[in-house]
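Peer 1: Sequence:
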Amino acid sequence: MRILRAAEYRVMPWKNGGGTTTEIAVSPDGAGLDDFDWRVSMARVESGGPFSGFAGVDRTLAVLEGEGIVLDIAGQAPKELTSTSAPLSFPADVPTQASLIAGPITDLNVMSRRGRMTHKVERLVISAPLDIRAEAAATLVLCGDGTVTLGLAGTVKLEPRDTLIVGSNAREMRLEPARTATLFVIRIDRVPAND
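Quick note: the sequence shown, position 137, residue 140 per this note's numbering, numbers continuous.
The hints are simulated quantities; they were obtained by calculation from the structure and are not laboratory data. Treat the numbers as computed from the prediction; the structure is a model and nothing was measured. Here a beta-carbon is modelled for each residue, glycine too, at the ideal position from N, C-alpha and C. Misleading hints may appear alongside valid ones.
Listed next, with one range per pair, are the computed distances between beta-carbon atoms [claimed, not checked]: (1) G106 with E162: 20 to 30 Å; (2) E179 with V73: 32 to 42 Å; (3) V73 with E138: 29 to 39 Å; (4) E179 with S50: 35 to 45 Å; (5) G118 with E70: 27 to 37 Å; (6) V97 with R174: 30 to 40 Å; (7) R136 with P107: 29 to 39 Å; (8) E70 with P195: 33 to 43 Å; (9) A77 with T150: 38 to 48 Å; (10) A80 with M4: 33 to 43 Å; (11) S50 with T158: 40 to 50 Å.
No more than 25 Å apart at the CA atoms, straight line, and that leaves these computed lysine to any residue pairs for SDA-like [said to hold, decoys possible]: (12) K160 with P132; (13) K160 with R177; (14) K18 with D75; (15) K18 with G52; (16) K160 with A173; (17) K18 with R8; (18) K123 with D75; (19) K123 with G170; (20) K82 with I104; (21) K123 with Q100; (22) K82 with T185; (23) K18 with G51; (24) K123 with L67; (25) K18 with G118; (26) K123 with A34; (27) K82 with G56; (28) K123 with G59; (29) K82 with S50; (30) K160 with E11; (31) K123 with F93; (32) K160 with M176; (33) K123 with R174; (34) K123 with A89; (35) K123 with A58; (36) K82 with V128; (37) K82 with T23; (38) K18 with V29; (39) K123 with G147; (40) K18 with D40.
Based on the sequences and whatever the hints tell you, model everything.
Peer 2: In structure tokens form, the structure reads like this:
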């Protein structure tokens, strides 16, 4: 189990140079934009424009703060994404344009290398204790807002934008919100090798 604190995340430029992204976690450790197995990051989006393309990568996007964004993904009808929407999954190698609904947003971006890794992102709003099973190769719990205490050994708190990351050998985790909290549960698995 590791707790990743928001103040310690790495800020780096977007692949297309149009802004900056805050890297929460990447595997393998230290991987770059072209050789990661999976990557979880946040970005402040100040204006509309094209998304960076990532060949052979699947992406899931969620809005953490702001009014929202409209995504024009090639071959699909435009999709509106707000801070109350379910996370949206789409291929990161398909041309995608974004337009802001009303001012800047901060988004959560999860990417995994197609054919090697898979991922699922779930947005949860909790006001009572919740048990989460860590069944995936890696499970990340990002605290979107509010404060959550982990019912593990000792008392560990997740403040806004902090992330808990555990492996598949972790047992069930109890998350206890101070009031109402928004969590993003990210489950990442390795694609089984063909025999």
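Peer 1: Could you work out which of the previously given hints the structure breaks and list their numbers from low to high?
Peer 2: The structure conflicts with no hint, since it agrees with every one listed earlier.
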